[in-house]
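Visitor: As a plain string of letters, each chain reads:
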Amino acid sequence: MKNKLVIFLLAGLGLLVLPLLAQYAGNFWVRIIDFALLYVLLALGLNIVVGYAGLLDLGYIAFYAIGAYMFGLLASPHLAETFPAIQSLFPGGLHTPIWVVIPLGAAIAGLAGVILGAPTLKLRGDYLAIVTLGFGEIIRVFLNNLDAPVNITNGPKGLLKIDSLKIPFVGIDLGKSGSLFGFELSSVTKYYFLFLAIVLISVLICYRLQRSRIGRAWMAIREDEIAAKAMGINTRNMKLLAFGMGATFGGVSGVLFATFQGFVSPESFALQESVMVVAMVVLGGIGHIPGVILGALLLAALPEVLRWVSGELDLQMLTGGRLDAAILRQLLIALAMIAIMLARPRGLWPSPEHGKAAPAAAS
Amino acid sequence: MSNVVLEVKGASKRFGGVQALSDVGITIRNSEIYGLIGPNGAGKTTFFNVITGLYIPDSGTFELGGKPYKPSAVHEVAKAGIARTFQNIRLFPEMTALENVMVGRHVRSGSGLLGAMLRTARFEAEEAGIAKLAQELLDYVGIGKYTDYKARTLSYGDQRRLEIARALATEPKLIALDEPAAGMNTTEKIVLRELIDRIRKDGRTILLIEHDVKLVMGLCDRVTVLDYGKQIAEGSPYDVQRDEKVIEAYLGAGHKAH
Chain A
1 MKNKLVIFLL AGLGLLVLPL LAQYAGNFWV RIIDFALLYV LLALGLNIVV GYAGLLDLGY
61 IAFYAIGAYM FGLLASPHLA ETFPAIQSLF PGGLHTPIWV VIPLGAAIAG LAGVILGAPT
121 LKLRGDYLAI VTLGFGEIIR VFLNNLDAPV NITNGPKGLL KIDSLKIPFV GIDLGKSGSL
181 FGFELSSVTK YYFLFLAIVL ISVLICYRLQ RSRIGRAWMA IREDEIAAKA MGINTRNMKL
241 LAFGMGATFG GVSGVLFATF QGFVSPESFA LQESVMVVAM VVLGGIGHIP GVILGALLLA
301 ALPEVLRWVS GELDLQMLTG GRLDAAILRQ LLIALAMIAI MLARPRGLWP SPEHGKAAPA
361 AAS
Chain B
1 MSNVVLEVKG ASKRFGGVQA LSDVGITIRN SEIYGLIGPN GAGKTTFFNV ITGLYIPDSG
61 TFELGGKPYK PSAVHEVAKA GIARTFQNIR LFPEMTALEN VMVGRHVRSG SGLLGAMLRT
121 ARFEAEEAGI AKLAQELLDY VGIGKYTDYK ARTLSYGDQR RLEIARALAT EPKLIALDEP
181 AAGMNTTEKI VLRELIDRIR KDGRTILLIE HDVKLVMGLC DRVTVLDYGK QIAEGSPYDV
241 QRDEKVIEAY LGAGHKAH
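Line order of the protein sequences matches chains A and B.
According to my numbering, the first sequence holds residues 1 to 363 in order.
According to my numbering, the second sequence holds residues 1 to 258 in order.
Hints listed in this document are in silico derivations from the structure and should not be mistaken for laboratory results.
Here the structure is a predicted model, which is why all the values come from computation and not from measurement.
We put the CB at the ideal spot given by N, CA and C, even for glycine.
Keep in mind that the hints are not guaranteed to be accurate.
Chain A stretches covered by chain B per the calculated footprint, using a threshold of three residues with CB under 8 Å from any CB of chain B [said to hold, decoys possible]:
#, region
1, 117 to 124
2, 197 to 210
3, 232 to 241
Model the full assembly from the supplied sequences, consistent with the hints where possible.
Guide: Laid out in structure tokens, this is it:
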């Protein structure tokens, strides 16, 4: 018990100091960590759908997109510039505060999760994956084309000049650097602390859901849907709840992404991203929260680290220009994933085998 | 007739050109073991699936504990008070024995998302109650020491008992066992038989579908025999065993009873 406390304190301290150290190496590194945290949030959300309820969702990034665009529209000049009515309603431009936007993003994405989940209820396995993949693409195509006849999303050009987050009452603007106790905090470092707080809350929610009546019902559906029904579980409602709950995480993550980038465009929400999030969950250890976090951190950081390594070594020069650094990076990631799945098919950090094997049958 | 648990009248089900069930009716009384037997393809499992809501019947009236119920959705039937086990055991293999039984409490508990996220006092109390009851049920069926073992690691006989414990957790008015002795050896069958008998003595009502005629005859208070979807005999095991039609169904025409 005491050991656990020490580990917790050390981990907490490490998480607090990490961005300050990374700052020294350059804000570039803090930015990578920030993105990794966003991916952790996404992976935790998808883990509810895939890991707990066992519903393979290949269009998960759609909810990320919905969250990001919602914030983009509510906190950028785009809507006011396009619609005079809104311009006259909000002469100072649309600037929706954080405490409205995050719950709203969660709610809208959750609703979208339920709506997109409803038609897929009868599908399982591969079929479900294909349909959700289609839904994910539909959202992206919509965002790409909703610039005519009425310009809502600004099409492929995306939304620009999205507000940075401001925390009310204490008057902190996450978009500007500042200092605290003599430490110089850059904007990305401030975002780090916000993202960290949200990730920690999400981890807590996931743990609590897992060990609850709802969580057990989800897992029962994953394990055997017919038996779950026979135990009186309304599988339709429980699946919709899983879709909705998972989507809220995606929505919140999307809001944070939009404010952090200050810019969103449809190309951030391509199929590749959905696949990446699924890979994080599967690679880390499906259904196991520490594993999912590890998977997300690794897969989010690996490309950037490899980018740096190949830049430092100047691989392009070494190979006489035959090997492009970007291609090599993709290749190495693929190789790493194959190696991990071969060596640890249940993921890097899978859920423990409760109680090893049963002793020889009694009686 | 207040002690009637399940009353089915005129249940029929047709699959394409096959009349799988025609006009079957049974009445199960409180704390009795009611047997449903018949040769292969007689319609036992069809009847079972009809009363538990897996198949929607073409006709028939259904009453559970004096209240009519519509076997149209499996989870509604479980809520109404029929818990079942499966012929080919269907547990939640990657969940622990305790969790399996806790899932059985789903219909008799009500905490939702918010309670789970905020860990309200009500949630905590309900959760503790569920865990306690689940452990008691594991002890009851005799696998109390396997609480934290994943269901798939249990032996075949223990998995059967876990399935029964899970069904009991739903506080059923009627517990329906679909061929519980299938694939069991003689020792396991004896233990199972003791368990079923004990469940009945504790005031539960049981519907037993079984291939093993010996088990049925020794356990059941009353028996219905199905053949080609029709009810050919009903009564005490003793009477049914001597029924001409039953002998014919099992052994073929022309066979004389001794």
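Visitor: Give me the numbers of the hints this structure contradicts, sorted from smallest to largest.
Guide: When the structure is compared with the hints, only number 1 turns out to be violated.
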